[in-house]
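Novice: Just so you know, the sequences run in chain order F and L.
Residue numbering for the first sequence follows the numbering used here, beginning at 1 and increasing consecutively.
Residue numbering for the second sequence follows the numbering used here, beginning at 1 and increasing consecutively.
One should not assume that every hint holds.
Straight-line Cα separation of at most 25 Å, BS3-like style, residue types lysine-lysine; simulated pairs [said to hold, decoys possible]:
1) Lys-316/L - Lys-372/L
2) Lys-372/F - Lys-256/L
3) Lys-316/L - Lys-256/F
4) Lys-387/F - Lys-316/F
5) Lys-372/F - Lys-316/F
6) Lys-387/L - Lys-316/L
7) Lys-256/F - Lys-387/L
8) Lys-316/F - Lys-256/L
Over 10 Å on every C-beta distance to chain L, these chain F residues come out as not near it, computed from the model [claimed, not checked]:
9) Asp-83
10) Pro-97
11) Thr-187
12) Val-233
13) Gly-336
14) Glu-340
15) Gly-368
16) Glu-413
No lab work stands behind these hints: they were computed from the structure.
Just so you know, even glycine gets a beta-carbon here, dropped at the ideal spot from N, CA and C.
Chain by chain, the residues:
Number of protein chains: 2
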Amino acid sequence: MHRRDFNLALFGALSVPGLTRQSTRQGPVRVNGDRLGANLRALGAIGKTEAGAQRVAYSEADRAARALTLDLMRAAQLEASVDAAGNLIGRRAGSAPALPPILFGSHIDSVPNGGDFDGPVGSLSAIEAAHTLAERGIRTRHPLEVVVFQNEEGGLIGSLAMVGALTPAHLDRVSQSGMTIREGIATIGGDPERLESVARRPGSIAGYLELHIEQGAILDAESVQIGVVEGIVGIGWWDVTIEGVPNHAGTTPMDKRRDALLSAARFIEEVNRIVRSVPGRQVGTVGRIEALPGAPNVIPGTVRVSLELRDLDAGKIRSLYERIAEAGHAIGRADGTHFEFRQTSENVPALTTGHVRDVVRTAAQDLGLSAKDMPSGAGHDAQDMAKIGPMGMVFIPSVGGVSHSPREFSRPEDVVNGANVLMHAVLGLDRAAG
Amino acid sequence: MHRRDFNLALFGALSVPGLTRQSTRQGPVRVNGDRLGANLRALGAIGKTEAGAQRVAYSEADRAARALTLDLMRAAQLEASVDAAGNLIGRRAGSAPALPPILFGSHIDSVPNGGDFDGPVGSLSAIEAAHTLAERGIRTRHPLEVVVFQNEEGGLIGSLAMVGALTPAHLDRVSQSGMTIREGIATIGGDPERLESVARRPGSIAGYLELHIEQGAILDAESVQIGVVEGIVGIGWWDVTIEGVPNHAGTTPMDKRRDALLSAARFIEEVNRIVRSVPGRQVGTVGRIEALPGAPNVIPGTVRVSLELRDLDAGKIRSLYERIAEAGHAIGRADGTHFEFRQTSENVPALTTGHVRDVVRTAAQDLGLSAKDMPSGAGHDAQDMAKIGPMGMVFIPSVGGVSHSPREFSRPEDVVNGANVLMHAVLGLDRAAG
Numbered sequence: 001m002h003r004r005d006f007n008l009a010l011f012g013a014l015s016v017p018g019l020t021r022q023s024t025r026q027g028p029v030r031v032n033g034d035r036l037g038a039n040l041r042a043l044g045a046i047g048k049t050e051a052g053a054q055r056v057a058y059s060e061a062d063r064a065a066r067a068l069t070l071d072l073m074r075a076a077q078l079e080a081s082v083d084a085a086g087n088l089i090g091r092r093a094g095s096a097p098a099l100p101p102i103l104f105g106s107h108i109d110s111v112p113n114g115g116d117f118d119g120p121v122g123s124l125s126a127i128e129a130a131h132t133l134a135e136r137g138i139r140t141r142h143p144l145e146v147v148v149f150q151n152e153e154g155g156l157i158g159s160l161a162m163v164g165a166l167t168p169a170h171l172d173r174v175s176q177s178g179m180t181i182r183e184g185i186a187t188i189g190g191d192p193e194r195l196e197s198v199a200r201r202p203g204s205i206a207g208y209l210e211l212h213i214e215q216g217a218i219l220d221a222e223s224v225q226i227g228v229v230e231g232i233v234g235i236g237w238w239d240v241t242i243e244g245v246p247n248h249a250g251t252t253p254m255d256k257r258r259d260a261l262l263s264a265a266r267f268i269e270e271v272n273r274i275v276r277s278v279p280g281r282q283v284g285t286v287g288r289i290e291a292l293p294g295a296p297n298v299i300p301g302t303v304r305v306s307l308e309l310r311d312l313d314a315g316k317i318r319s320l321y322e323r324i325a326e327a328g329h330a331i332g333r334a335d336g337t338h339f340e341f342r343q344t345s346e347n348v349p350a351l352t353t354g355h356v357r358d359v360v361r362t363a364a365q366d367l368g369l370s371a372k373d374m375p376s377g378a379g380h381d382a383q384d385m386a387k388i389g390p391m392g393m394v395f396i397p398s399v400g401g402v403s404h405s406p407r408e409f410s411r412p413e414d415v416v417n418g419a420n421v422l423m424h425a426v427l428g429l430d431r432a433a434g
Numbered sequence: 001m002h003r004r005d006f007n008l009a010l011f012g013a014l015s016v017p018g019l020t021r022q023s024t025r026q027g028p029v030r031v032n033g034d035r036l037g038a039n040l041r042a043l044g045a046i047g048k049t050e051a052g053a054q055r056v057a058y059s060e061a062d063r064a065a066r067a068l069t070l071d072l073m074r075a076a077q078l079e080a081s082v083d084a085a086g087n088l089i090g091r092r093a094g095s096a097p098a099l100p101p102i103l104f105g106s107h108i109d110s111v112p113n114g115g116d117f118d119g120p121v122g123s124l125s126a127i128e129a130a131h132t133l134a135e136r137g138i139r140t141r142h143p144l145e146v147v148v149f150q151n152e153e154g155g156l157i158g159s160l161a162m163v164g165a166l167t168p169a170h171l172d173r174v175s176q177s178g179m180t181i182r183e184g185i186a187t188i189g190g191d192p193e194r195l196e197s198v199a200r201r202p203g204s205i206a207g208y209l210e211l212h213i214e215q216g217a218i219l220d221a222e223s224v225q226i227g228v229v230e231g232i233v234g235i236g237w238w239d240v241t242i243e244g245v246p247n248h249a250g251t252t253p254m255d256k257r258r259d260a261l262l263s264a265a266r267f268i269e270e271v272n273r274i275v276r277s278v279p280g281r282q283v284g285t286v287g288r289i290e291a292l293p294g295a296p297n298v299i300p301g302t303v304r305v306s307l308e309l310r311d312l313d314a315g316k317i318r319s320l321y322e323r324i325a326e327a328g329h330a331i332g333r334a335d336g337t338h339f340e341f342r343q344t345s346e347n348v349p350a351l352t353t354g355h356v357r358d359v360v361r362t363a364a365q366d367l368g369l370s371a372k373d374m375p376s377g378a379g380h381d382a383q384d385m386a387k388i389g390p391m392g393m394v395f396i397p398s399v400g401g402v403s404h405s406p407r408e409f410s411r412p413e414d415v416v417n418g419a420n421v422l423m424h425a426v427l428g429l430d431r432a433a434g
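From just these sequences and the hints, can you work out the full model?
Specialist: Structural data, given as structure tokens:
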């Protein structure tokens, strides 16, 4: 594995043109890239191992990173607090206190063996944007709230709480830390008995903006600096069970077999063929497979595979699924096996809001950055926030599209570009929103 | 599951024509089918559970079944003993003591959740044949040895010892019983320090004959009564590792994937196509598959599958393997993945001896039974015995081809036919062999 332990060290040597401009007369105000780099480096050091970042939610490293984040909020002149769900909130008053707040942020928890950029880039850029506004004395009309959601990687827990959708079943779930979500919330200074205090009504926010690494390779491959996110794809998950007849691999002639794994192989090819048979950016994946009994000398009698389909259009997911299910049943008829499909999960697509996309696009344009509209193939807290108000997202390139890995990397100049776009999108939303 | 707990009870009501004939003038001498049925019933009762026969080697049930088998040997006027490897031997002197012995038998240990027929049919039919010869006062020229090998299901252990091929590595292996083979041998009255006393030299036996259930469906499907085994197939095992690039299933476009599971699916289809592309009875199986990391939302980066090829012709196994490996590498080149093949095991084919096949075929013919030549797709102690002398096997039909299951079943009349063919093949070999 190619090691990039010193990725963040690159920030120290970075010189980004325009960063030192002091006034809008010299072009748009810019964030302090050196400070942002230093803060990312400090956060990345917490829980770092040779195998990657180990800051799963509620772990000791996660709690240490949260403490650092609260300190950074205070340094940015934000009024820092922990809500009952354990989310970190940094408030800055607006000039028109009656207006609803603009929220922006991300998360800082990692997957096991994670990277330095997924979450921290958006969280610390949000704090840096607020810090820059405070330093420049730029006062928005709307109150601002920098939000660092807790346990994004374990199921968007913090944002579910904020939109009033966190259920007792979620609370009982055991997280990567070994604690239940309920125990985790108590551990990080929340109060699982007071979650209703966290829930915000639809219409109670002026908007939510999130900067994140793309996690795919599109921006990197096309050398585009900023992704204007069109929406977060819907995701359908199915369990597919294929029943054949288990039998002795030595004594059962080839023409007498009802081999569930052979049918599964044909199915996996069909999933790929069907998903690619229509234009668009939809994706379909078989990521998990289990064949029983699973011995080299026994013809598999039962195979279970996962099926995942993603697209911005729920109707397209449905129609692809129907074609795939039909293809499965046809394979079963031809092979003497039986296909059964069971949907296990459905996340509907969360489209970004038109005027929020516009302010993101305009911010990139004003900063002289190339930008393109694109879907988010991964899930984000922003998809929950879309339920209570206007939502938009900013992507920056992920080198090679790698994420959830110690090899995850975004170039320093791209991180700073993202922070600047985020800051100006917040300002744009402040001008645009009622 | 269809239960057949009372299979063996059918023997009680059975009347097989010709069984009571007393002399060769009324046709060939026949075994006592009622007694054979009763003995199979008594053995089948030991270790029987709802989930099938539980007589794995060295277990309490295995030891009880061995004690019964020694009693049955003595009742058949055989001189019963346990050799240092734990094999049960029942000897009967011949009229020409200088001649090498004719050996015949099988095993009585079962797989976990096994059936009533795999092993016991051949073992108790051998004893029944000896019993009938004793009752009729038929004296062979060659000494006879009924052999009930220990731990056939755990790797042909007893017969490996008899041909001098049991290694210290075998002895250290942990068997299904939880004991090592070494401990098991001591437990059943053998002596793991004296194994060299068991090993027989090539040429020291006049022949070895084994009756066994087919375990496949060929005889049953074609309504043929007796299988004349041409040989025991060779078996090649390979581990195939397919390396792609693990990636986020949401953010990686379809045309940017290097999906190891998609390549594996194409490979599984190719294995099936190539094995079926040439005439013959060869079989090829992918029975085990593992995809990593194995999450529904991650494109598999590594897939490992097993490959098994069986045929009577080692050259055909080799040429099929070469075509399959070439097809794998071609898939890898097309998909941007990498295939690696590693052979993990190779059993060479063990062909039966021409004149032993002849005596089996003649015995079936004299008894008025339909017979066909066929390979054994499964392994048997006979394949070891072929290393030290002429070898032959007799198959009887397995209903539906089911074996290693409580649903394993062979009809009473087929079992009795098999015992009669075995007895007359022994007599034929006695006449033919020097």
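Novice: Against the structure shown, which of the earlier numbered hints fail to hold, in ascending order?
Specialist: Of the numbered hints, 7 and 12 do not hold.
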